[in-house]
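J.: Start from the sequences, fold in the hints, and give me the full structure.
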Amino acid sequence: MAANPEGVVRCIKQALDNANTLPDEIDLISGHLTATGADKMEVQYWVNALGRSGDKFPLINFVKGMIGHCLSAAGSIETVAVVLQIINQFVHPNINLEDPNPEIVQLIGTKAMPVKKVNKEIIIVAKSNFGFGDVNACLILSKYKN
Numbered sequence: 002m003a004a005n006p007e008g009v010v011r012c013i014k015q016a017l018d019n020a021n022t023l024p025d026e027i028d029l030i031s032g033h034l035t036a037t038g039a040d041k042m043e044v045q046y047w048v049n050a051l052g053r054s055g056d057k058f059p060l061i062n063f064v065k066g067m068i069g070h071c072l073s074a075a076g077s078i079e080t081v082a083v084v085l086q087i088i089n090q091f092v093h094p095n096i097n098l099e100d101p102n103p104e105i106v107q108l109i110g111t112k113a114m115p116v117k118k119v120n121k122e123i124i125i126v127a128k129s130n131f132g133f134g135d136v137n138a139c140l141i142l143s144k145y146k147n
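The opening residue of the sequence shown carries number 2 in my numbering; numbering runs sequentially from there.
Below, in silico cross-link-like pairs of lysine to aspartate or glutamate (DMTMM-like), each with a Cα-Cα straight-line distance of 25 Å or less:
hint, residue 1, residue 2
1, 57, 40
2, 14, 28
3, 117, 100
4, 112, 99
5, 41, 56
6, 112, 122
Pairwise CB distance ranges (calculated):
hint, residue 1, residue 2, range
7, 112, 89, 16 to 26 Å
8, 104, 147, 39 to 49 Å
9, 14, 110, 21 to 31 Å
10, 111, 145, 23 to 33 Å
11, 146, 5, 33 to 43 Å
12, 72, 23, 26 to 36 Å
These are calculated hints, taken from the structure and not from any lab test. Ideal Cβ placement from N, Cα and C applies to all residues, glycine included.
T.: Shown next, in the form of structure tokens:
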């Protein structure tokens, strides 16, 4: 997780601006989440960047709970998972999320972290990866419109 909160929030906000997307339009966040103590900071950064918390926070999931951390390949693999969710209109569950961090639950509740597959219309997804040395990335992916 990047140690610089301002850099992470700036990365998310710039991605939204570049995609002409409002924070309220995000249906799903595919987080960098690594099942470490840094997860609460990442969720706080999303809350700060989107101005959304509690019941207004979008669904959030992570791939690392299913396959582990693939280091430099993580972003690519997770982006494929996002595209599949958009195409097939579902949110994959947060596999192995058995005991959510209470500080995260305070910020966004438990409904935002599905532990079972959710069939839902997914139009816009924010996909993030945060790395060593404040190397941050956030993609905004959306369903193709004719």
